[in-house]
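Peer 1: Sequence:
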Amino acid sequence: MIGFILSIILLLILGPIIAWAYKRKLRKINKDASVLLGILIMVLFWTFGILCYLNIINFGSFGTGKEIMWNFPFNLGINPYTSGNLDVYAIFIFLSYPFWYLWGLERGYDWVGRRPHQEGITFLLRMNKPGQEYPKDREEMK
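Here the working numbering is used: the first residue of the sequence shown is 313, the next is one more, and so on.
Any given hint could turn out to be false.
Stated by the list, open to error - Pairwise CB distance ranges (calculated):
| no. | residue 1 | residue 2 | range |
| --- | --- | --- | --- |
| 1 | G396 | K337 | 47 to 53 Å |
| 2 | R427 | L388 | 21 to 27 Å |
| 3 | T359 | L414 | 15 to 21 Å |
Hint data in this document are derived by calculation from the structure and do not stem from the laboratory. Using N, Cα and C, we set each Cβ at its ideal position, and we do this for glycine too.
Model the full assembly from the supplied sequences, consistent with the hints where possible.
Peer 2: Laid out in structure tokens, this is it:
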């Protein structure tokens, strides 16, 4: 999206959200939903990121696309026109987007579980009723 740092933070946040939605609803609709959403998210982030970096999307008085991509949301003071080889680093950062998303997705699966009968780490926070042996979503499996 806008800024390399903000894009990585958003990908790390979107991963667990997609994992939670996949476990709750999306798995029933399509078992490949997390893959399809991941591809859609990568296409969106790459498209807007590259268009911003090449200054095709104009931000007016905020600066050029390269300045915004390197310095937003924190003003890091990086001048992309005097610093050499930043284009090569930008390519590596763009290529690392799927890994950030997948890392966030796996942390989400660790937190909520991958399949409907799995609990993940949230199992530790769940309070069962007295005498209840299984969580509600496992009762159907008995």
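Peer 1: The structure should be examined with respect to each hint, and the outcome stated for every one.
Peer 2: Consistency of the hints with the structure:
no., hint, result
1, G396 with K337: 47 to 53 Å, "holds (48 Å)"
2, R427 with L388: 21 to 27 Å, "violated (42 Å)"
3, T359 with L414: 15 to 21 Å, "holds (19 Å)"
Comparing the model with each earlier hint shows a violation of hint 2 alone; every other hint is respected.
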